[in-house]
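Q: Kindly produce the complete structure, drawing on both the sequences and the hints.
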Amino acid sequence: MKKYLTIIILFLTVQANAQSSLKGKVNSGKELLVGANVFIKNTYDGGSTNSNGEFKFSTTEKGVVVLVVTCIGYELYEKQIDLNAKEITLNISLIEKPNELNTVTITAGTFESGADIKKAMILSSLDIATTAGAEADIYSAIQTLPGAQAANQEEGLFVRGGAASETKTLFDGLWVQKPFMNDMPNVSQRGRFSAFEFKGTTFSSGAYSAQYGQALSSVLILDSKDLADNTTSDIGVMTAGLTAGYTKRFKNSSMNVNASYFNLKPSNTVVPQNLDWLEDPNSISLGGNYRVKTSQTGILKIFNSTTQNKMKLRRENLDPINTKMLIDNDDRTSYTNITYQEYLNDDWKLNIGYAMNLQENVFKLDTNVLNRNDYLHQARIGVNGYINKKLQAKFGVESLNQWKEEKYNNFRNRFEEKLSAGYAEFDYYFTYKVVLRAGARAEYSQKLNQFAIVPRISVAYKQNKLHQYSVAYGQFVQSPVDGYMMLANNIKFEQAEHYLANYQFQTEKYILRVEAYRKNYTDLVRENSINNTYTNNGNGYAQGFDIFWRDRKTIKRGDYWISYSYLDTKRIFRDYPTLARPTFAATHTFNIVYKEYIPKIQTQIAATYTFASGRTYRNPNATEFLSNYTKAYHNLSINASYLTSIKSHFTVLFLSIGNVFGIENEFGYEYSNDGSRRRAIEPNAPRSIFIGIFISIGDDNVLN
Amino acid sequence: MKKLVLLICLVLSVGTTMAQSNFEKGMTKGIEMLKASKTAEDFVATANHFERIASVENNNWVPVYWNAYTYLIAGMNVKKESQQDEMYDKAMSLLESIENSKIERSEYLTLKGYIMLMKISVSPMSRAPQGTPAAMGLLTEAQNVNPKNPRPFYVMGQNTFYTPSFFGGGKDKAKPLLANAVELYKVESPSDSFMPKWGRGRAESLLKECE
Chain A
10 MKKYLTIIIL FLTVQANAQS SLKGKVNSGK ELLVGANVFI KNTYDGGSTN SNGEFKFSTT
70 EKGVVVLVVT CIGYELYEKQ IDLNAKEITL NISLIEKPNE LNTVTITAGT FESGADIKKA
130 MILSSLDIAT TAGAEADIYS AIQTLPGAQA ANQEEGLFVR GGAASETKTL FDGLWVQKPF
190 MNDMPNVSQR GRFSAFEFKG TTFSSGAYSA QYGQALSSVL ILDSKDLADN TTSDIGVMTA
250 GLTAGYTKRF KNSSMNVNAS YFNLKPSNTV VPQNLDWLED PNSISLGGNY RVKTSQTGIL
310 KIFNSTTQNK MKLRRENLDP INTKMLIDND DRTSYTNITY QEYLNDDWKL NIGYAMNLQE
370 NVFKLDTNVL NRNDYLHQAR IGVNGYINKK LQAKFGVESL NQWKEEKYNN FRNRFEEKLS
430 AGYAEFDYYF TYKVVLRAGA RAEYSQKLNQ FAIVPRISVA YKQNKLHQYS VAYGQFVQSP
490 VDGYMMLANN IKFEQAEHYL ANYQFQTEKY ILRVEAYRKN YTDLVRENSI NNTYTNNGNG
550 YAQGFDIFWR DRKTIKRGDY WISYSYLDTK RIFRDYPTLA RPTFAATHTF NIVYKEYIPK
610 IQTQIAATYT FASGRTYRNP NATEFLSNYT KAYHNLSINA SYLTSIKSHF TVLFLSIGNV
670 FGIENEFGYE YSNDGSRRRA IEPNAPRSIF IGIFISIGDD NVLN
Chain B
646 MKKLVLLICL VLSVGTTMAQ SNFEKGMTKG IEMLKASKTA EDFVATANHF ERIASVENNN
706 WVPVYWNAYT YLIAGMNVKK ESQQDEMYDK AMSLLESIEN SKIERSEYLT LKGYIMLMKI
766 SVSPMSRAPQ GTPAAMGLLT EAQNVNPKNP RPFYVMGQNT FYTPSFFGGG KDKAKPLLAN
826 AVELYKVESP SDSFMPKWGR GRAESLLKEC E
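Heads up: the protein sequence lines correspond to chains A and B, in order.
According to my numbering, the first sequence holds residues 10 to 713 in order.
According to my numbering, the second sequence holds residues 646 to 856 in order.
It cannot be assumed that every hint is accurate.
[Stated by the list, open to error] Sample of chain B residues with no beta-carbon within 10 Å of chain A, all distances over it, derived:
no.	residue
1	Thr673
2	Ser727
3	Met737
4	Glu749
5	Ser766
6	Asn791
7	Val827
[To be verified] Partial pick of chain B residues on the chain A-facing surface, computed with a CB cut under 10 Å:
no.	residue
8	Met732
9	Pro774
10	Ser810
11	Phe812
Since the hints were derived computationally from the structure, they do not count as laboratory data.
C-beta: ideal position from N, C-alpha, C; glycine also.
A: In structure tokens:
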């Protein structure tokens with residue numbers, strides 16, 4: 010018995026002696042790591058690091074073993090260790106894994122919005138839809154970002170001293186020739202597409218990718234949604250009209266049909282108008298889409314939107330005095346977009362697209378009739394993917410065909426353009442903290458008989474999760490505006506050159522972005538109206554800086570952003586006699602956007618305040634060209650959305666008021682021929698009021 | 646010779662018995678750790694424990710399942726949105742790695758739906774429109790595959806409980822789901838103590854709040 014006991018004791022001691030104890034710390038090179046798993050490979054023996062980054066465990070293993078350390082967000086660590094020592098102390102450094110938050114991305118000049126917060130988006134799709142004063146109009150929401158200026162008296166986006174024509178809208182990579190509802194002199198218009206059509210919006214205020222061309226200043230890239238999630242019917246009743254839509258979800262496809270009718274008569278009757286409407290702006294739109302998953306990874310999308318817009322008004326003439334002019338506008342637009350995407354293999358993706366823009370417009374001034382027809386087709390094919398882990402590439406070609414005709418009474422002008430372009434662009438990741446993007450774009454215009462190659466380059470460095478620095482350079486060419494294309498011979502592309510430097514600070518709840526830029530314009534078209542000649546000897550510059558600050562933390566449940574832009578710009582172009590600050594460029598622009606959801610009353614409230622310093626206007630009596638400034642622009646808009654249900658159908662009650670205080674804003678002046686009389690160019694109405702109710706009837710109720 | 650074979654057999658069987666008991670010991674300890682965990686740090690330490698078991702027990706879905714479940718609960722106990730996302734993503738990738746194992750389909754779908762719902766809760770405004778129908782679809786499928794499993798009813802009931810009524814949620818709608826879950830929990834007889842068995846206490850207390 011004693012013998013056995015000795016053996017057992019001996020055995021136990023051997024066991025005890027065989028135990029090695031391991032302890033130490035795990036760090037990331039900068040900080041101690043909590044929750045790292047430290048263990049001996051192929052055993053249960055191990056431990057986790059505590060809040061001081063320390064671990065401690067013992068093992069009965071012997072000899073040379075492999076120590077493994079795992080931790081979320083870090084690369085796997087393995088090391089051979091010898092367990093002959095009784096006590097082993099280790100200090101382990103793990104290498105951070107690249108992820109969406111710590112990996113560098115090209116940010117110079119770019120504001121991206123999308124559905125997923127994980128991608129560290131500056132704005133979400135919902136932010137665009139709920140900005141006060143925007144009412145789900147993408148363009149109005151984009152105007153609250155730095156670099157963009159409130160257009161107000163015209164359609165379009167003025168970006169960093171660029172004219173509205175210098176910004177292109179792209180729908181799934183294809184041009185939208187007419188992204189606005191209507192064009193009327195001195196009347197601003199909404200965009201044609203609802204913010205809800207898109208899963209992501211990218212606004213680039215400069216030095217953008219070689220993938221895009223024919224825009225001297227800026228591109229707005231809209232990415233349409235994929236298959237609808239479920240079958241629903243939507244109805245909207247507003248002070249401005251009615252909308253109805255039906256979406257059907259099939260197993261591998263979805264379709265949507267929608268119709269809307271808008272008429273501003275009811276609201277124009279209630280809200281005093283600055284204009285004398287004979288037929289209030291009204292429109293009928295029909296549209297739809299069909300999206301089908303052609304395979305696990307492939308998707309085909311077909312989209313159409315067709316609209317007819319009408320309005321008629323009478324305006325006091327400046328010349329001759331006490332006469333009125335009848336303005337009548339009838340506009341038909343149809344936009345079709347077809348795209349197909351598929352992965353060729355694990356690394357390469359194919360994109361094919363076709364878009365068709367049809368526009369017919371009859372514009373009458375008293376008895377004079379201007380007929381405009383514009384047809385534009387565009388096709389593109391491109392691939393993008395990985396050459397290796399560090400090198401990403403994009404290649405593509407596109408072709409565009411435009412035919413445009415204008416008839417003014419008996420005069421007729423027309424032009425036809427064939428534009429071809431190709432691009433190649435590479436993103437090279439030196440490490441996941443430094444990326445270089447280099448690309449070039451070639452453009453050939455048949456009408457201008459000109460070929461151009463323009464380079465784009467940018468470098469970004471992500472110091473750590475919080476700080477990123479980028480610089481970018483790009484050259485851009487664009488065909489002159491349609492009016493010049495039609496009338497002028499021997500003109501060339503207009504050109505711009507962008508230099509950007511950008512700093513971005515981002516945490517989960519805060520974003521600060523500062524960007525400085527310089528743009529040089531050359532070959533701008535100038536017209537000599539006396540002998541009707543056109544030359545490319547215009548030029549100009551724009552320089553300044555933008556600041557964007559967003560804070561989702563300080564105010565509980567509240568969220569706000571502030572943007573400020575400083576712009577110094579002058580140019581000589583069109584009919585300008587000298588270098589001057591153009592009429593569309595305010596020196597200081599400031600926006601503050603606030604949103605808050607109040608659960609108690611199930612209501613989201615939002616407010617937007619916009620300030621812009623005065624703009625230049627043409628005063629024939631001034632000695633110096635464009636030397637007079639309008640007064641500054643102020644606008645406070647608010648909205649509220651009340652979420653409720655009517656017979657268990659999700660319902661939103663919406664109210665918005667534009668320019669709450671009815672501040673009288675002016676965008677410039679019009680003068681009589683002799684310069685003795687003038688009138689201010691103003692918004693249609695000092696205030697705007699919009700009330701609506703939107704009901705969503707789900708056939709597949711989410712919870713049943 | 647015979648003796649030798651016997652000896653080898655004996656040694657082998659002792660070896661397997663020991664390995665089994667190691668696994669059982671490890672799993673028992675893990676489940677005890679899970680019950681005792683209070684902070685995110687505790688839950689991660691528990692998840693790490695299951696990870697170590699899984700690293701030894703190849704092709705056994707049980708420790709991987711509990712590893713995924715523990716990360717899900719750990720995610721609910723951290724404050725930073727990016728950390729929540731990290732943990733839910735980790736839970737999801739662990740769970741998806743055992744999709745084709747012997748795990749009961751209903752349990753797989755339930756946990757997947759639960760993780761998706763918690764992912765949505767990180768940023769409901771941007772994720773709910775797309776994510777909620779998909780997650781609810783998984784839970785419905787889980788209920789259909791095994792109508793006796795209380796967990797898909799409990800998870801769906803819990804989500805409905807916390808969804809505002811104008812989005813189709815609320816206590817009234819949650820009550821029948823939770824009541825059904827509680828009934829099913831009462832008759833549930835886990836064949837093995839390491840099989841999924843979570844949710845009962847929470848389901849009962851939520852049901853009480855519905856009364």
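Q: Any hints from earlier that this structure breaks? Give me their numbers in increasing order, please.
A: Violated hint (a single one): 2; every other hint is consistent with the structure.
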